[in-house]
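Novice: The listed protein sequences derive, respectively, from chains A and B. Read left to right, the first sequence gives residues 48 to 253 (our numbering). Read left to right, the second sequence gives residues 3 to 310 (our numbering).
Rather than coming from a laboratory, the hints here were simulated on the basis of the structure. Even for Gly, the Cβ is constructed at its ideal location relative to N, Cα and C. It is possible that part of the hints are untrue.
[Stated by the list, open to error] In silico lysine-lysine, DSSO-like type, Cα no more than 27 Å apart, as pairs:
#1 K82(A) - K225(A)
#2 K67(B) - K28(B)
#3 K154(A) - K85(B)
#4 K28(B) - K38(B)
#5 K67(B) - K154(A)
#6 K67(B) - K38(B)
#7 K154(A) - K251(B)
[What the hints assert, rightly or not] Using C-beta positions, here's what the derived DEER-type ranges look like:
#8 S238(B) - R157(A): 53 to 59 Å
#9 P158(A) - L94(B): 55 to 61 Å
#10 L94(B) - E59(A): 38 to 44 Å
#11 S82(B) - K154(A): 37 to 43 Å
#12 E309(B) - R231(A): 22 to 28 Å
#13 I64(B) - G252(A): 29 to 35 Å
#14 L32(B) - G244(A): 53 to 59 Å
#15 A65(A) - L32(B): 34 to 40 Å
#16 N75(B) - E61(A): 29 to 35 Å
#17 E59(A) - G307(B): 26 to 32 Å
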Amino acid sequence: MAPPRGAAAPAERELLSAGDVARTIARMAHQVIEKTALDGPVSPAAADSGAGGDVAGPPLPPVLLGIPTRGTPLAHRLAARIEEFSGVAVPAGALDVTLYRDDLRRKPTRPLEETDVPAGGIDDRVVILVDDVLFSGRTVRSALDALSDHGRPRAVQLAALVDRGHRELPIRADYVGKNVPTSRTEEVSVLLAETDGRDAVLIRGQ
Amino acid sequence: MRDLLTTDGLGRDEATAILDTADELKRTLLGREVRKLPTLRGRTVITMFYENSTRTRVSFEIAGKWMSADVVNVSAGGSSVGKGESLRDTALTLSAAGADCVIVRHPASGAPHRLSGWLADTRTSVVNAGDGMHEHPTQALLDAATLRERLGGIEGRRIAIVGDVLHSRVARSNVHLLTTLGAEVVLVAPPTLVPRGVEQWPVTTAFDLDSQLPGLDAVMMLRVQAERMRGGFFPSAREYSIAYGLSEKRLAMLPDHAVVLHPGPMLRGMEIASPVADSPRAAVTDQVSNGVHVRMAVLYHLLAGEEL
């Protein structure tokens, strides 16, 4: 969420190393598989061949939508891991929430980020919103509004690599990579290879 | 950005930011059920048209409404302008009534600039929706958006603007914007319809259309503005059409990838042949739909950020 600043800032600590980030995403992928019953009564093989025959047929896999900037690569990585572990292909995309923010009038004009809703759409699917840092919850609130203009998901869940607390809205994550107690003045930065050249989670300041 | 009055002096970064915003808006609205964004909720946009227009007024109105702004349309005919109110008083009235943005079209070149000066102490932004023979910046932006979409970029492309350049605000705005974005612009017109001072513009000028066609990436046909013409700028409509109209034969002389633009309204049979206007090479309807996204982007850049 917060953009990373220059390297040698005062009192900067690494919360997660590159290896930690990879392991955390893998763990979150397993949690998604469990919670959305991707490995449920119908085996992935049966789901792949489409030879249902069972009572209700296989559930449609969830759609992962990352919130730009860093939620987008996270969503794609999570989807890749889920497919690797469960054998089920999970569509991933991006949902820009800039146009839905409640603080537009408080900041200089923000450029829009990419929105890319997978071709199958989100109607009647489980949508998992993916963001790097969960903080006030206002970004997620905007994302819920944006989502409802794109369709009507069966359910919406939330995945965050870091939950740093200080919620200002009644929002909680279904999948959390790491809970980090922070003070409001601290800054948590998620770095990803796709956007920043390397993977890490940093915390800075008092 | 506070006002959008001209593309002259609009920087490359700023113009590109508006075009990028328009692209994202188009993408995010594509195939959605609800084409409505909450972004400009509570903002009031007033269109003030002192000259006839279909597409510009409608597309500004749609742009505002899709972003949830309240849009009020004022036409010179139905307003106090008919009772003799000055442009300044009308503008101050609209601003006092709560307009966050006034979109003005006026037959007098420079009217939006005056308006912007009168409203400098208010919180009302001004957008030029076409002033006389001067500028029409949002048209140039939507043309640029269409060219980017069709050609994959503007930098280094060769674009001809053909016809009544003299009376064309579309041509002026496009010359500034397209050259800022790195295009090579050639004006093609009969000598009587080339504006004075054109040698100061960052363009080349030609009188013969046929020799230009094979080297073009895009050709922008201009409407012959009979309403602004007093006296003979060319012998007859038929003769103009033969020399400067985009016929099917001329379309065939363009490279295969080249695209045909027209700002509309089109005079079929005059500057553009009907089959050319309807051919897939012509991007006229794309221009109109891009016009909505570009105007949304302009309103976003003017109204969404913190007040300056």
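Novice: For each hint, tell me whether it holds in the structure or not.
Specialist: Evaluation of the provided hints:
1. K82(A) - K225(A): Satisfied, since the Cα-Cα distance of roughly 18 Å is no more than 27 Å.
2. K67(B) - K28(B): Holds, at about 15 Å.
3. K154(A) - K85(B): Between K154(A) and K85(B) the Cα gap is close to 42 Å, so the pair fails against 27 Å, i.e. violated.
4. K28(B) - K38(B): holds, 12 Å
5. K67(B) - K154(A): Given pair K67(B), K154(A) holds - Cα atoms ~23 Å apart, limit 27 Å.
6. K67(B) - K38(B): holds, 7 Å
7. K154(A) - K251(B): violated, 53 Å
8. S238(B) - R157(A): 53 to 59 Å: Taking Cβ atoms as reference, S238(B) and R157(A) lie about 54 Å apart, which means the hint holds.
9. P158(A) - L94(B): 55 to 61 Å: At 34 Å between Cβs, range violated.
10. L94(B) - E59(A): 38 to 44 Å: violated, 54 Å
11. S82(B) - K154(A): 37 to 43 Å: Since S82(B) and K154(A) have Cβ atoms about 38 Å apart, the given range 37 to 43 Å holds.
12. E309(B) - R231(A): 22 to 28 Å: holds, 26 Å
13. I64(B) - G252(A): 29 to 35 Å: violated, 46 Å
14. L32(B) - G244(A): 53 to 59 Å: Hint violated: Cβ distance 32 Å, outside 53 to 59 Å.
15. A65(A) - L32(B): 34 to 40 Å: Given range 34 to 40 Å: holds, Cβ gap about 36 Å.
16. N75(B) - E61(A): 29 to 35 Å: violated, 57 Å
17. E59(A) - G307(B): 26 to 32 Å: Since E59(A) and G307(B) have Cβ atoms about 31 Å apart, the given range 26 to 32 Å holds.
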